[in-house]
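Those sequence lines, one after another, are chains A and B. Going by this note's numbering, the first residue of the first sequence is number 1, and it counts up by one from there. Going by this note's numbering, the first residue of the second sequence is number 1, and it counts up by one from there.
Simulated from the structure, these hints should not be mistaken for laboratory data. Glycine included, every Cβ here is placed at the ideal spot set by N, Cα and C. Hints are not guaranteed to be accurate.
Said to hold, decoys possible - Examples of chain A residues toward chain B, derived with CB under 7 Å:
hint, residue
1, MET183
2, VAL214
3, HIS221
As the list claims (entries may be wrong) - Listed next, the in silico BS3-like pairs over lysine-lysine satisfying Cα-Cα at most 30 Å (straight line):
hint, chain 1, residue 1, chain 2, residue 2
4, B, LYS32, A, LYS243
5, A, LYS179, B, LYS105
6, A, LYS179, B, LYS96
7, A, LYS234, A, LYS146
8, A, LYS49, A, LYS204
9, A, LYS179, A, LYS108
10, A, LYS179, A, LYS49
11, A, LYS179, A, LYS13
12, B, LYS32, A, LYS202
13, A, LYS108, A, LYS13
14, A, LYS141, A, LYS108
15, A, LYS243, A, LYS204
16, A, LYS234, A, LYS13
17, A, LYS202, A, LYS170
18, A, LYS170, A, LYS234
19, B, LYS105, A, LYS202
20, A, LYS3, A, LYS146
21, A, LYS204, B, LYS105
22, A, LYS141, A, LYS202
23, A, LYS49, A, LYS234
24, A, LYS146, B, LYS32
25, A, LYS108, A, LYS3
26, B, LYS105, A, LYS234
27, A, LYS49, A, LYS13
Read off the chains here:
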Amino acid sequence: MAKPVVIVVGADKGGVGKTTVSRTLLDYFSANNVPTRAFDTESPRGTLKRFHPDITEIVDMTTTSDQMKIFDTLNAASPSVTVIDVRAGLLSPALASLRDIGFLDAAKAGQITFSVFHILGPSIASLDEIAETANFMQGAKYYLVKNFINDTQFFQWDQATYNSYFHRIKDATELTIPKLNEMAYEQVEVSSVPFLKFVANKGKDDEAANYSFVLRGYVRHWLANVWSEFDRIKLTDLVGAGKPVSRGGEK
Amino acid sequence: MSPTPVYIICSPRPMVGKTLLARLLSEFLLLKDGIVSSFDINLKEPSLLEYLPRITETADVVDTFGKMQLMDRLIVHDGVAKVIDLGFHAFDEFFKMTHQIGFLKEAARRGVAPVVLFVADTDRVSARSYPTLQEYFPAKALITIDNEHVVRGELPTAMAAGQVLRISALPSFLKTYIDRVSFSFTDYLRNERDSSTELHQWIRRNYTSFRELELSLLPQQS
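The whole structure should be built from the sequences, with the hints applied where relevant.
Right under this line is the structure:
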């Protein structure tokens, strides 16, 4: 039986695009036929659940009962991949909890594949989280996600600062999420559908929709670029699903 | 139903005859089909809207809203030919956007046939822009316009490789005559009884070229 895979998407800062990245991950796995379930920790009302209601459950990660709901079902659950969208400010406490319940030890022992997508904001405070989070990362795949969705810069103009943060952790992999056209982003928000359905011009229940061709084009182009980043880090290998499905002509 | 043509008249250079060509082509299509939709995407050049206000609307590709307004119209397979007079300021943004949103692929899927009419010039900007268009568009959909008034018989070799549509130069006095806002090519053909005049023949020659271009774009039947 394949090892369960847990992907935590989080940041200690709000508004950096955690849920957006979670959504692209769910779309990516869906396109690659990888059964996936998701947990949204924005209790009681979750944004991720709004876009992916069928596979998302809202949980409160600070409660033991919900921690059990997520982690005690890892082996029993049929979807091999679990994506957890961690609410702002909860990443470090969540990782501490995982350490306390022995989850990180299980990852270190190779019983579970554990990945953290750490979404970075443009501030030094956000970058300081890297060092804090890195303490928990033994046995885990650690991805530093630079999300350009808000025209953010990451101190590339100051190489010394950039290096001091991004090259501090040896095994971290950098990932870049390009900017999506603002209007296209807003239209997907209003539509409350996964990016994939928006591109396919479909509504919540797969009914035909009437989204702008231009906006769909922008989303398709952007999503292809995001997915090419996921291909680059061999995300499907990580979850044991083999080569990604070909998406000729999209990139 | 034949594909709906979308003619994109463009050049990265000003004052090469884009609006003149757009006027000619719009009037030809109006004469032939009885209907045409023209779009004026010019900020600073002479405006197609001034010449053909009844069939022309303005558009822009400066922001996303403008792009939606324009492209969501162009992608419709409604049998009405579209003519775009693309100002040189909008050249880069327009083609970057069409490439990004997958316009060609979606057009093929929906039965819309984009045709680029690239008005050639001998400068470096045009020389750099043409290969970009070659990369984006199939050879059949990229037509070089050899405007004699602009290139003076020196069409760059690289631009002459594919299909070329030639527009001969008019004498200055006739150029001034057709540049009047109230001038209509079709009205002139209808009203001028002497078909041997230079302008009469010039208009007819261009209309014939457009007809041949249309035929060459039709899917070949077995």
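Evaluated hints:
no. : hint                  : verdict
1   : MET183                : holds (4 Å)
2   : VAL214                : holds (5 Å)
3   : HIS221                : holds (5 Å)
4   : LYS32(B) - LYS243(A)  : violated (53 Å)
5   : LYS179(A) - LYS105(B) : holds (23 Å)
6   : LYS179(A) - LYS96(B)  : holds (16 Å)
7   : LYS234(A) - LYS146(A) : holds (18 Å)
8   : LYS49(A) - LYS204(A)  : holds (12 Å)
9   : LYS179(A) - LYS108(A) : violated (34 Å)
10  : LYS179(A) - LYS49(A)  : holds (23 Å)
11  : LYS179(A) - LYS13(A)  : holds (19 Å)
12  : LYS32(B) - LYS202(A)  : violated (38 Å)
13  : LYS108(A) - LYS13(A)  : holds (27 Å)
14  : LYS141(A) - LYS108(A) : holds (10 Å)
15  : LYS243(A) - LYS204(A) : holds (29 Å)
16  : LYS234(A) - LYS13(A)  : holds (27 Å)
17  : LYS202(A) - LYS170(A) : violated (43 Å)
18  : LYS170(A) - LYS234(A) : holds (18 Å)
19  : LYS105(B) - LYS202(A) : holds (19 Å)
20  : LYS3(A) - LYS146(A)   : holds (28 Å)
21  : LYS204(A) - LYS105(B) : holds (25 Å)
22  : LYS141(A) - LYS202(A) : violated (34 Å)
23  : LYS49(A) - LYS234(A)  : holds (26 Å)
24  : LYS146(A) - LYS32(B)  : violated (55 Å)
25  : LYS108(A) - LYS3(A)   : holds (13 Å)
26  : LYS105(B) - LYS234(A) : holds (28 Å)
27  : LYS49(A) - LYS13(A)   : holds (20 Å)
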